[in-house]
Amino acid sequence: MSTQSMSFNLRVWRQEGPQEPGRLVDYKVVDISPEMSFLEMLDELNVQLTRKGERPVEFDSDCREGICGMCGLVITGVAHGPLSATTTCTLRMRHFQDGQTIEVEPFRAAAFPVLRDLVVDRTALDRIIQAGGFVSQNAGSAPDGNAIPIPKDDAENAMDAASCIGCGACVAACPNASAFLFTSAKVSQLAYLPQGRPEARRRVASMVRQMDLEGFGNCTNHGECEAVCPKEVSIHHIARMRKEYWKAMLG
Amino acid sequence: MNTFVSLYWSTVGRKFWTALTGICLVGFVIVHLVGNLTLFMGNQAMNDYAYFLETALHGGLRPFGELALLVLFGVHALTALSATLQNRRGRTQGYAVSRPAGGRSHQTLSSRTMVVTGLILLAFLVLHVAQFRFGVGFDWHVTAESAGSAHPVRDVYRTVVEAFHTPLWMGIYLFVMALLGFHLRHGIWSAFQTLGTINTPLRRALFILGAVLAVLLALGFLVLPVYIYAVVDPAGPFQSAPSTLGGAR
Chain A
17 MSTQSMSFNL RVWRQEGPQE PGRLVDYKVV DISPEMSFLE MLDELNVQLT RKGERPVEFD
77 SDCREGICGM CGLVITGVAH GPLSATTTCT LRMRHFQDGQ TIEVEPFRAA AFPVLRDLVV
137 DRTALDRIIQ AGGFVSQNAG SAPDGNAIPI PKDDAENAMD AASCIGCGAC VAACPNASAF
197 LFTSAKVSQL AYLPQGRPEA RRRVASMVRQ MDLEGFGNCT NHGECEAVCP KEVSIHHIAR
257 MRKEYWKAML G
Chain B
419 MNTFVSLYWS TVGRKFWTAL TGICLVGFVI VHLVGNLTLF MGNQAMNDYA YFLETALHGG
479 LRPFGELALL VLFGVHALTA LSATLQNRRG RTQGYAVSRP AGGRSHQTLS SRTMVVTGLI
539 LLAFLVLHVA QFRFGVGFDW HVTAESAGSA HPVRDVYRTV VEAFHTPLWM GIYLFVMALL
599 GFHLRHGIWS AFQTLGTINT PLRRALFILG AVLAVLLALG FLVLPVYIYA VVDPAGPFQS
659 APSTLGGAR
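Listed in order, the protein sequences are those of chains A and B.
17 is the number of the first residue of the first sequence in my numbering; add one for each residue after it.
419 is the number of the first residue of the second sequence in my numbering; add one for each residue after it.
For the record, the hints were derived by calculation from the structure and aren't laboratory data.
Certain hints may be false.
[Said to hold, decoys possible] Far from chain B, by Cβ distances over 10 Å, these chain A residues were calculated:
{"no.": "1", "residue": "Q20"}
{"no.": "2", "residue": "R80"}
{"no.": "3", "residue": "C84"}
[Claimed, not checked] Examples of chain B residues toward chain A, derived with CB under 7 Å:
{"no.": "4", "residue": "R509"}
{"no.": "5", "residue": "H524"}
{"no.": "6", "residue": "S528"}
{"no.": "7", "residue": "T531"}
{"no.": "8", "residue": "S608"}
{"no.": "9", "residue": "I616"}
{"no.": "10", "residue": "P619"}
Note that CB positions come from ideal geometry on N, CA and C, so glycine has one too.
With the hints as extra help, turn the sequences into a complete structure.
Now the structure itself:
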């Protein structure tokens, strides 16, 4: 274990409220352990700011173990930072150079208004899920196990899609601020399974319509979303969503 | 709930039209290139091909083809431009620092400049049609029966050869054809992804095959002007009468 301490020059986005103009502000943090997570490093910055009587930097976080999707920052120009398949909270400071200048910005999209500093409103994603509606279920006693045959590949694909934690990094990384990867993951996790088929056509059409109403952009297949996704959700789900959409258009 | 317009003009629905027309246009570009390559077989072969295009289906192929191309190019450009304008509204405040994540990303300079290369190609298309479809041509009577008839055919070979002995035209064509390859490098695989190619190995294969096809098409179109400029005699012989004798129309 390394016992060295690191220091960084931070350039952090500060913004008082949704309507106020924001700007990057320079801070210096010292005595940072390489084992600290990026959020713990920001905690250190906030301790320092609080002692000086300044308002701490606001950012979202919850589980701090990479499973909840609450945290999310654009670090040195990449959503969730330079390490792939990683959330901001599980990114460690050892992945940066000592003395490095690190830019920290909020996820940017017209559909993600900045509330304060690095906190953005991602409820647009919740509304897309709500637009998906319900899944028909038989009420009554518990069904027999394996009563519905599901091919192994379909089950795996549905599970891969369901691993989306809804952090919004795909939107943040997309040059078009498109929410296709998120929406397609939520479509695929049901579309691959027989339980999701009865409402599949209406579901995909409604979710895409809600996605458009929220003001997200189009997918032009850059694939940046997959590269930053902490859960490595594949863009093949986007193609899958389009295939479902064909059925909705023609059906 | 889901109205007709919102279904067929959504971010998903609209891109289907861009992709479908794009694939059709790639098909057209391939046919166009094959037609161009008849020039290597000399003026008889190329003008015979032009005569075929003008007279096939009792002369119906050309108007039908031109209308189809107009619709294909129109729909392709309109849907893509409309999507681009929407994307601009998707992020009003940009990043101070932004860099590609690398790794599994398919982002390339080609993918980021699709609208720019597309608009240049569109402007070129207008120029190209004005030059070779509506521009000055030379009458050529392909067969004995058409000789002296009311339906002479343009000496396409001569028009092309004379155009590509102008360094300016040659430069423009070289530049635009390189851009065409650039446009197709992202366009080909992207169109299949947009149409729902869900198989991941197939997608990766298309990503590579699309690039190969783009390079081959660009090279094919680049070879011709260079060949004409360097090899073909600008003075002919041509099948049409010399323009000084009033053959120009």
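Evaluation of the provided hints:
Against chain B, the non-interface label of A/Q20 holds: every CB pair exceeds 10 Å, the least being about 27 Å. The Cβ of A/R80 lies farther than 10 Å from every Cβ of chain B, with a closest approach of about 22 Å, so its non-interface assignment holds. Once the 10 Å rule is applied to beta carbons, A/C84 is consistent with being away from chain B; the minimum gap is 22 Å. Interface restraint check for B/R509: the shortest CB-CB distance to chain A comes to about 4 Å, inside 7 Å, so the restraint holds.
At about 3 Å, the closest approach between the beta carbon of B/H524 and any beta carbon in chain A falls short of 7 Å, and the interface hint on this residue holds. Checking B/S528 against chain A by beta carbon gives a least distance of about 10 Å; that is not within 7 Å, so the hint is violated. Hint status for B/T531 relative to chain A: violated, with the closest Cβ pair at about 11 Å, above 7 Å. Interface hint at B/S608: satisfied, since its Cβ lies 4 Å from the closest Cβ of chain A, which is below the 7 Å cut-off.
For B/I616, the interface hint holds, the least distance from its beta-carbon to any beta-carbon of chain A being 4 Å, beneath 7 Å. Among the interface hints, the one on B/P619 is violated; its C-beta lies about 10 Å from the nearest C-beta in chain A, farther than the 7 Å criterion.
Of the hints listed earlier, those the structure fails to meet are numbers 6, 7, 10, in rising order.
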